[in-house]
Each structure stands twice: as C-alpha cells, then as structure tokens.
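Whole structure, please, built from the sequences with the hints as guidance.
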Amino acid sequence: MQYPEPIAKLIESYMKLPGIGNKTATRLAFYTIDMQQDDVTDFAKALVAAQRDLHYCSICGNITEEDPCLICRDKQRDQSTVLVVETPKDIMTLERMHEYHGLYHVLHGVLSPIEGKGPKDINIASLLKRLQNDAIKEVIIATNATPEGEATATYLSRLIKPAGIKVTRLAHGLSVGSDIEYADEMTLMKAVEGRQEM
Amino acid sequence: MYLEQLQLTNYRNYQHLDVDFSPGVNVLLGANAQGKTNLLEAIYVLALTKSHRTHNEKDFINWQATFAKISGTVQKSSGRVPLELLIGKKGKSAKINHLEQAKLSQYVGQLNVILFAPEDLSLVKGAPAVRRRFIDMEFGQMSPRYLYNVSQYKQVLRQRNQYLKQLKYRQADDQTFLGVLSDQLAQYGSAIITQRLDFLTKLEGWAQTLHQDISKGKEKLTFDYVQHLKGQATLKQALQVDTAHEIELGTTLVGPHRDDVRFLVNGKNVQTFGSQGQQRTTALAVKLAEIDLMKAQTGEYPILLLDDVLSELDDARQTHLLKALQHKVQTFLTTTSLSGVAKTMIEAPRVFQIQGGHLKRRTKVNG
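Chains as they are written, first to last, in the working numbering: chain A, 1 to 198; chain B, 1 to 367.
The set of hints was computed from the structure by calculation and includes no laboratory data. Be careful, since some hints might not be right.
[As the list claims (entries may be wrong)] Now the stretches of chain B that chain A is said to cover, found in silico as 3 or more residues with beta-carbon under 8 Å:
no., stretch
1, 120-134
2, 307-317
[To be verified] Below, in silico cross-link-like pairs of lysine-lysine (BS3-like), each with a Cα-Cα straight-line distance of 30 Å or less:
no., chain 1, residue 1, chain 2, residue 2
3, B, Lys202, B, Lys328
4, B, Lys295, B, Lys92
5, B, Lys154, A, Lys117
6, B, Lys154, A, Lys190
7, B, Lys165, A, Lys117
8, A, Lys190, B, Lys92
9, A, Lys161, B, Lys168
10, A, Lys161, B, Lys154
Keep in mind that this is a model prediction, so the values were computed, not measured. Every residue gets a Cβ at the ideal spot worked out from N, C-alpha and C, and that includes glycine.
See below:
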C-alpha cells in the first residue's frame, strides 16, 4: 500500500529539513492535513516569503529584508569597529548582550580545506574591501575556539594587520557565574593562561 | 593498592571461584589451556571493563550461562573498596562499594593495572607507530593537556594535508593560508614534543634503574627521541622549508606524527642490534617504569599482571626482576613450570595450581 501522491510529496519535502527522518516527516504530514486551511496557507506563504524577501546584506553579509541591513544603515553605531563572526546566528547572540555598538561582518563559515572551504569560498574579500575605508580602526575576530576558527582568525590577522588596523580576538576562559569545580581541564588551562593582574 | 579477594561466576571456564591473594607475588601455575590467562584477564576486566584479548564481550560468559560476574576487594591507602562488574548478554553494569554507577567511565580508575604480555615485545621490535601509540596512550592518561594537544594536532594535520593536495591539483593557490596552517601545526606539535620529552626523561630514569637491576648492572638503557627536522632547529622552521616537496606528495612530512623513540642498550639500538633477551628486557623495563610513573602521578602503585613473561628470561634476569617488584607492587604472573621462579625467589610467593578452571593453593614451593 502506497501513500497517495500529494501526501507522499509532502513527506518527501519535510524529510529535506535537517534532523527530520521518515517517521517524523510522516507524522508532520498527517498533522498538516488536519490543520485549518488558513494556517496551511500562511505556512506556505511564510516559507516562500522567507526565501524571496530575505537577502544577504551587500556590506556585512548578514541576512536582511532590505539591503543594506539595519545595523549597517544605523549611523548611531560605532563605525570604527567591525566584529567578525561565522554565521548570522552569532550576530543575534551578540546583540542580546546590548553592550557592543559597532558593526559586524559575517564570514558564512570558516577556512576548512576538508570541507572544501578556502579563502575564496568564505566572505573575506568583501571584508578587505570594507577595510579600505579609513574609518575602521579595529577588527574583533569572534570565530569559534576550534582549530578551524583559530586558523581563520590567524589568517585574517595576517591580511589585516599590515594595513595598520588593530586586530583583536575574543578571550577564552571560565563562564560567568560558574563554579571552578565544574569547569573542564582545557577551559581551566585557558583561563589560567589568560589571567589578568588585579 | 592491591587486590585482596577475587570472586568469579560463570567467567569463561570458571564457574565459581573465590580466592584470597597475597599483596606480594602471586604465581598462577598450570599446564596449557587450563585458565591461567583467563584469570589474569578477569583482573584486567575488573579494572578496565575491557579485555586486551577480545572486543566481543559475550566471550566472557561461560557458554552454559547467561551472565558473568567478576567482583573483588581492592585495598587502597584510603581504605578497602569492593568492586563488582556484571556482564550480561545486553551489556555491562558496575558497582563501586555496592553502589551502581551510571557510567562505566566513573567506574574505571578505581583499580589500576599494568599488563605485560608476550605481544608487548612489539614495543621494541615493531614499527614506530606502535611506540607513538604507546606514548600517546600512556601520557594521555596522565595529562589532559597532552590529550588536548594531540587531538588538536590531528585535526590541523588533516586540514593541512588536504590543503597540500588542493595546492597540488591547483584548486587553491593561497600560500599565506598554508603558512597559517603550518604555524598552527607547529604550535600544537612543539607542545606535544616538549611534553613527550619531559615524560620520556622521567620514564627513562625509572626504566634505567630497572634495566640495570635486571641485567645485573652490565647494561645501560637510554632513550633517544628521534625527530626528522630536515636540518632545521625547530619544527616551525622545518615546516617552512621544502613545502614544494610536501605539495608534490600532498602530505606533511615533519612533526610528532612522524617521530620515533629509539631504545639504546649500551649505546646500540636494541631494535636492530639487540638479542631476543635484550629486547625482552628492554620492553619489560619500559613497561615496568610505567609503574613508577603512575605512582608519581596518582600517588598509588598499580597492580602488575605478567602473562607468560618469565619463560624467555634467564634465571639471573628473573631473580632481579622479581626482586625489583617484591616489596613494591602486587604482581600476578602465569607460568607453566615453577622451578625457575621458585628457586630464584628469595621470599616464597603464593602459588596457585590451576587445573580446568579450579584453583588450588600450594603450600610447598618446591616439588
């Protein structure tokens, strides 16, 4: 017994999403059949709109409805610092802090030859173009603390530093409000290495 | 620490066993295929929950039974600890002091053992990869930092090798990025080498004393850490020369993943110039030096398991070996005949006669 074609196609579509296999997709598809017609229409519209109306900002690479993005257009923000991140999600996380008021740049990945990502495959060229603008005095690199993140940070600093721009890297160490007791050995080691005089 | 008691239920060819051990030397005596190594294996499994002989845990269970149980009491400087390991068809569960442990990783480490089996001769005779694995395993247990550096190094090495291949096939052309990868590799690599040299110096000191005792002071054992730096002073520099050749081959040619340790007896490489006996003595000394290294790191001596090791040593080497261990480490050794050991021992060991899965304590050493 085969599923009728419309539902089979729906199951197949759900299975294209990450973390969803055959069983979950089937459950979601049957749920969709029983949904209110308006909800289904909105759902379908949202899916199409998300792709149609969203663009990558031509300056920083963040996702945005209008190009350039809100952050890049905001003249109140500190135009002299650029914080470099791996993904647009990282910007959302950093914005929640409400303490950083500079600009961002999204790399869309890190340098990783194993995954076929070289310097030309991530958003580095547009960063270098931005830096030709004299207003930028400091680049903060906030790639993840993985070997690939570190390599990307070192690579960027080698390209940017000769131009006389300050390059900094986020600190490693203990998370705030946590007990030393529960920290793993490597985090502690980094925290001891990066200790500060009081 | 030492193992005071051991109980086995349905473990391989032992249906029921309940035995008290001596804190000194315990000799397991018996003909072939009677269960000597099975008993050593049971102690090893009680310590590490894994066997050195098989990955298939159903093998532990006697073929007539549905589960196997190993339990024992360990005497430590902090007190007595009862341990229990239950092996069923579906998995294992472990208890410390009668309390079930949620994770086996919490259980491992209660009982420390070092096993020396005939296969360990490959430490001296085998390929460099065998010695690197030994170093990484042993030092990794003692230093989380070493373990971290090794895992980071391996990851960067994979990236660099892949990038060298991409440069070879002109899929990439950025030399700056290669420089970044080289420097990153050199950073983790140098940290690994520094730690290896430090650990090896400590290990060498202990191995030297042991080796001297076993060889009656006639031979001097030294370690030589071999790096191939292409005539450069540091790894960082060595990774910068000859990149053309590396690109051609698509692989990284220098670094700790290519290094080796040479064991020298009186200045000669024992791998190529040593006799069988010298190679065996060297492997034994290196392995036994771990005992002292572990004591220095954890504050407690481990238990030593010697599987059929004595048969290939001459009487004098046996005497000195056993003397070196006697008042320090609880030792279990298997042998098919007692004469050599018994005659050369100064203090009588506790001897168990093993026959078809049954243990009998022998009161008389000779005979």
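Checked hints:
For the stretch 120-134 of chain B, the stated coverage by chain A is not satisfied: 0 residues place a CB nearer than 8 Å to a CB of that chain, which falls below the threshold of 3. Given as covered by chain A, the stretch 307-317 of chain B fails the check, having 0 residues with a CB less than 8 Å from a CB of that chain where 3 are the minimum. For the proposed pair Lys202 (chain B) and Lys328 (chain B), the alpha carbon gap of about 19 Å is at most 30 Å, so the pair holds. Pair hint Lys295 (chain B) plus Lys92 (chain B) holds up; C-alpha atoms about 29 Å apart against a cutoff of 30 Å.
Among the hinted pairs, Lys154 (chain B) with Lys117 (chain A) is consistent with the structure: their alpha-carbon atoms are about 19 Å apart, no more than 30 Å. This hinted pair checks out: Lys154 (chain B) and Lys190 (chain A) have alpha carbons roughly 20 Å apart, not beyond 30 Å. Proximity of Lys165 (chain B) to Lys117 (chain A) is assessed by CA-CA distance (about 13 Å); at most 30 Å being required, the pair is judged to hold. Pair hint Lys190 (chain A) plus Lys92 (chain B) does not hold up; C-alpha atoms about 36 Å apart against a cutoff of 30 Å.
In summary, the hint linking Lys161 (chain A) to Lys168 (chain B) is supported, as the alpha carbons are separated by about 29 Å, within the 30 Å threshold. At most 30 Å may separate the alpha-carbon atoms for a hinted pair to count; Lys161 (chain A) and Lys154 (chain B) meet this at roughly 29 Å.
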